[in-house]
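Residue-level listing of the chains:
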Amino acid sequence: MASAQETALSAERQDIRNRWLLSAPALIIILLAAIGPLFIVLIYSFLAAGPYGDVEWKFSTDGWISVFLQRDIFDDTLSFADAHLAIFWRSVKLSIGTTLLTIVFGFPTAYFIATRPERTREMWLFLITIPFWTNLLIRTFAILQIIRNEGIINTLLIKAGFINQPIQILFTDTAIMIGMVYVYLPLMVLPLYASMEKLDFRLVEAGYDLYASRFAVLRRIIFPLVKPGVIAGSILVFIPSLGAYVTPSLLGGGKNMMLGNLIELQFGQGRNWPLGSAISITLMAIVMIALLAYVRNAGSSEVRHG
Amino acid sequence: MNWKTTAPAIGLALLASTGLARAEGELNIYNWGNYTSPDVIKKFEEKYKVKVTITDYDSNDTALAKVRQGGTGFDIAIPSQTYVPIWIEEGLVQETDPSTMENFKNVAPEWANPEFDPGRKFTVPWAWGTIGVVVNTDAYKGPADSWSIIFNTPDELKGKVNVVPEMGDVMFAAIMYLGGEQCTDDKALLKKVRDMLVAAKPNWVAMEYNTIERMGAGDFKATSDWNGSALRQRLAHPEIHFNYPKEGFGMWSDNVVVLKEAKNVENAKLFQNFIMDPENAAGLSAFHRYANAISGSEKYMPDDMKDAPEVVIPADAKPHGELQKMCSPETQALYTKIWTELQK
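Chains as they are written, first to last, in full-length UniProt numbering: chain A, 1 to 306; chain B, 1 to 344.
Any given hint could be a false lead.
Claimed, not checked - Sample of chain A residues with no beta-carbon within 10 Å of chain B, all distances over it, derived: (1) A8; (2) S10; (3) I28; (4) F39; (5) Y52; (6) L127; (7) I128; (8) A194; (9) R219; (10) A232; (11) Y245; (12) I281.
Claimed, not checked - Once the Cα atoms are required to be at most 27 Å apart in a straight line, the calculated DSS-like pairs of lysine-lysine come out as: (13) B:K158 with A:K159; (14) A:K93 with B:K344; (15) B:K66 with B:K263; (16) B:K337 with A:K93; (17) B:K246 with B:K191; (18) A:K58 with B:K337; (19) B:K201 with A:K93; (20) B:K192 with B:K325; (21) B:K337 with B:K191; (22) B:K260 with B:K325; (23) B:K66 with A:K58.
Just so you know, these hints were derived from the structure itself, not from any lab.
We put the beta carbon where it would ideally sit given N, CA and C, even for glycine.
Whenever a hint applies, use it, and build me the whole structure from the sequences.
The structure is reproduced here in structure tokens:
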């Protein structure tokens, strides 16, 4: 009996060793390609800025201090870096907006696909992935052609007599939102579909049988069951939105920065690499917080499922 | 394509590639994108039996950062005058003494001994230009030879003005407009600059580099811009005109340097000498659309550039031009703060 237990134990140990060995290549890649560079960014954030870009190998917290605090250019008083805060806030605001809009558009789309006959579902999913075939930059340029002052939307509206003057959509925050919603919509639809596909539609029927209204069925039955999909989709949309660079630069006209642009400024014309590194890490911290909130939420909803 | 047809194709490709490798030498150029005339490069390749490879960069800061890291394999780079002193000071370039080269006699006198490289010990002029105001005269017919188009926008242009987001250029223009000296660290003046920029921004539609396409499409009716870009716009749309602001406009010059880590130093020197030849300099200009600082190149210039007001600065505007300098790191830090506040 005891020896059998020992064999079982050693088998288990062997199993664990095998698992480590098998995952070693992946772990090495993560270590070298993700954690390594990240570590360099972290070190850079604690160094002094070189006079013309780059860093000087002297310990300094100036980078970190100037993420949150700024010395007034004119009277030298220390205050909150409201320019940075404003840019942080714009990024968070636009990312939340994008996430909500992708849910609004993505939810019905995913529901539509999930309720098609099984044969045709694959075709619909395939259609959703078509935008991924084209480069992000090209898709953003396409959006630009549609919303510009002499673009399709404005031309149609003017021809139809609804407006006399083109509506300025391009180079506004609205343009950034339109672009980001378009770009990230598939990232919302796919996880939503994945959880809706598993949905037991007999529960929906049961709801109707018990005289639940359509809205009540959506709110009390469907939504709670696909919540993990909503959360996964939100994370997939929110994180890249927060760091978006191409879309705000092209569609927003570069007048108002987002975090990606602010970071780029520090490594480019601003020549303050430590500050750029510190802002990058702050951005990652925000993402981490969002992810932790996700893990908690997903965990608790899992329990309710059981 | 099946294997039978593919195999000979691959064979041919291999043959072609070894053929190229057999050229007598190589030259690796690191330059701004869309800036190097393929015709002139071809001529150089044929004359000296050298295979030239061009790699693009998009900003002085990118180029500097990359070359600083070393091991790039580039022989030549083309930094702007503001950055040349840094390249020299940090020992990234080698002293090739262009002033002793055969074609140096062609360099226009005003460019033969520039402040950024006294005596031209390191650099050869590639192109120079100006930064001014471009206006679509269909949208605005008033006087446009002033930075007021950007900083105190007339009603007709409100919401239709673009500003090219080069921090140094915008700060230069704003300081000139308020009567200051370039690279000033006078706080009282900078406060006025900040307030003026913040007040002007609501009249701007964008801060974008892509002016040629947007001015052409009518998304912008006016913009700050480089002269060569303005020339391209006017050639496509005659109603678009470049103006030299009377308060003072910036001038720049990009220069060919040979890197310290260059492997093909002799070819790089040949190239420096080659582009100081008037015909070759004109060939470069015909492509990048900027002036070239080589005397005698005028007669080889394309017709649409010979008398172009964008390229040949009119006599009455000339005194207002000033070569832009690199500001001190402390001043630069002040400007970055103003810039961030402007774009928050």
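Mind verifying the non-interface call on A:I28? Its CB should be farther than 10 Å from each CB in chain B. Holds: least Cβ distance 24 Å, greater than 10 Å.
Given the hint that B:K66 pairs with A:K58, test it: the Cα-Cα distance must not exceed 27 Å. Distance ~22 Å between B:K66 and A:K58 Cα, so the pair holds.
Assertion that A:R219 lies outside the chain B interface [Cβ separation over 10 Å]: With a cut-off of 10 Å, A:R219 remains clear of chain B, as the shortest Cβ separation is near 40 Å.
Tell me if the straight-line CA distance from B:K337 to A:K93 falls inside 27 Å. Between B:K337 and A:K93 the Cα gap is close to 23 Å, so the pair holds against 27 Å.
Does B:K260 pair with B:K325 here, judged by a C-alpha cut-off of 27 Å? holds (24 Å)
Is A:K58 close enough to B:K337, meaning Cα to Cα at most 27 Å? holds (23 Å)
Taking the shortest Cβ-to-Cβ distance between A:A194 and chain B, state whether it exceeds 10 Å. Non-interface label stands for A:A194: nearest chain B Cβ at 39 Å, farther than 10 Å.
Minimum Cβ separation between A:Y245 and chain B greater than 10 Å? Check passes; 14 Å lies beyond 10 Å.
Starting from B:K158, check that the Cα of A:K159 is at most 27 Å away, please. Since the Cα atoms of B:K158 and A:K159 sit roughly 25 Å apart, the hinted pair holds (cutoff 27 Å).
A:I128 remote from chain B - nearest C-beta pair above 10 Å: Fine: 31 Å to the nearest Cβ keeps A:I128 off the interface.
Is the hinted pair B:K201 and A:K93 satisfied, with a Cα-Cα distance of at most 27 Å? Judged against 27 Å, a Cα distance of about 22 Å means the pair holds.
Could you let me know if the closest chain B CB is still more than 10 Å away from the CB of A:F39? Label holds. Min Cβ-Cβ 18 Å, cutoff 10 Å.
In this structure, only the earlier hint numbered 5 is contradicted, and the remaining ones agree with it.
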